[in-house]
Amino acid sequence: NVKILCNEKNPRAVGLAKTSIRNAGVNAIVSLGEGDCSDWDLGGEDSADDRDILEGRTIFVCNPPWGLRLTEDIDESWVSLREFLRREAGGCESWVLSGNKD
Numbered sequence: 339n340v341k342i343l344c345n346e347k348n349p350r351a352v353g354l355a356k357t358s359i360r361n362a363g364v365n366a367i368v369s370l371g372e373g374d375c376s377d378w379d380l381g382g383e384d385s386a387d388d389r390d391i392l393e394g395r396t397i398f399v400c401n402p403p404w405g406l407r408l409t410e411d412i413d414e415s416w417v418s419l420r421e422f423l424r425r426e427a428g429g430c431e432s433w434v435l436s437g438n439k440d
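So our numbering is basically just the index in the sequence shown, starting at one, shifted up by 338.
This list has only true hints and no planted wrong ones.
Here are the simulated EDC-like pairs of lysine to aspartate or glutamate, each with C-alpha atoms no more than 20 Å apart in a straight line:
#: 1; residue 1: K347; residue 2: D374
#: 2; residue 1: K341; residue 2: E393
#: 3; residue 1: K356; residue 2: E372
#: 4; residue 1: K347; residue 2: E414
#: 5; residue 1: K341; residue 2: E431
To be clear, the hints were calculated from the coordinates, so they are not data collected in a lab.
Use the sequences and the hints to build the structure in full.
Next comes the structure, spelled out in structure tokens:
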């Protein structure tokens with residue numbers, strides 16, 4: 339079994355993702371939230387029985403702003419991501435996609 343949980347801050351990207359999820363026929367296994375990752379609650383540390391993730395079996399993949407998507411709030415975005423990963427991703431693997439070849 340697999341469950342894919344997604345979150346996106348940009349409303350336009352959410353619309354595109356919802357269309358892609360529907361067109362791919364994966365609505366049953368893909369859940370898409372909208373908002374800042376700092377507000378995304380997957381059960382955190384205090385509710386181990388209700389967590390949406392399994393330690394050691396969950397991979398977090400994120401594609402933070404880079405290139406043309408960089409805005410003045412870039413520092414805030416990275417702080418939000420850091421706080422989310424510390425709160426929700428303990429014991430899990432995390433990947434950060436980057437447009438930088440280095």
